[in-house]
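Chemist: When the letters of the sequence shown are read in order and numbered with the working numbering, they come out as residues 1 to 302.
What the hints contain is simulated information worked out from the structure, not anything from laboratory work. Values in this document were obtained by computation on a predicted structure and should not be read as measured data. Hints are not guaranteed to be accurate.
Claimed, not checked - Computed cross-link-like contacts, SDA-like style, restricted to lysine to any residue with a CA-CA straight-line distance of at most 20 angstroms:
1. LYS174 to THR235
2. LYS174 to TRP226
3. LYS174 to GLN231
4. LYS256 to PRO210
5. LYS32 to GLY77
6. LYS256 to SER285
7. LYS32 to THR74
8. LYS256 to PRO207
9. LYS32 to SER68
10. LYS256 to SER228
11. LYS256 to CYS208
12. LYS256 to PHE163
Claimed, not checked - DEER-style ranges, computed between Cβ atoms:
13. GLY281 to SER79: 35 to 41 angstroms
14. LEU51 to SER285: 48 to 54 angstroms
15. MET261 to TRP73: 40 to 46 angstroms
16. CYS263 to PHE55: 46 to 52 angstroms
All residues carry an ideal CB built from backbone N, CA and C; glycine is no exception.
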Amino acid sequence: MVIYADMVFLFNLCVDGLILWMTSAIRRRPAKWWRILLASALGAGYSVLLLWPVFSVAFVLPLKVLVSAIMVWTAFGFSSPVAFLRSIVVFYLVSFVMGGAMFALHYFVTGSGQVEGGVFFTQFTGWGSPVSWLFVLVAFPLVWLYTRHAFRSLQERQAVHQFLVPLSIELGGKSLECTGLIDTGNQLRDPLTRTPVIMVELEAVAPCLPDELVTYAQNGDWSSEWPSLPQEWMTRIRLIPFRGAGSRGGMMIALKPDRIMICTGGGWHEVERALLGLDSGRLSSDGSYHAIIHPACLPAVG
């Protein structure tokens, strides 16, 4: 049987490219297309050597691991030993899964093959198994869709983290620190004084508040009787008309803090005027921030 070296090279180029592409998506490490292509060509060239018995010594385990490491280094570079090792582990996991999937698909579709001496043999033409090529053709668009989704979510998280800043709050003689999101969409203000409102999770500031006020804010029943609070706290309270996304209008309890500090530009800056709006829910689904900062609270540039 005639085996075409160029077809073997092309097939392995596609498979290695898929594996590296998936590794990039799973590791959330964007790689330039030409680096993946170069690494895939290296792996494909190594596979072609199997066609010549004289190069059989090149397929010992240590050399296989070395070639894999060079492929990963070519595709993703070297940032740290831990990151590099993780990329190699993911590369091998994807290789095993993809190889097993191709084996299962081939046996399921053709039903042919036999095992001799613990090795699975099957019949294929000199340009490769049609089922294997079918796997490549189907896998490419699936991997492309997965990669596109993975990197889009990564870009969204990176965009969010660019607007995350440390926030220091002093309230009722106590202080706490949390992470806040600078959101230009937050235009909430006290309708009377036009003071900007920083929305903060009730749970985050609860240690600074009287228990009665925490319970009342959690219930959200403004028709019920207000709790008995010290005069100091009653003078801090404001009620702010509030409409959340997809919800009907309501009222939000806001408090006048003793002091608010925001860390931006490498230094801490005091917010001159701001109220703390208490939100009984979660502001971030992944817990990456606990406050939403009004853009007017940021220090003036220059």
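Chemist: List in ascending order the numbers of the hints, as given earlier, that are violated by the structure.
Modeler: 2, 6, 12, 16
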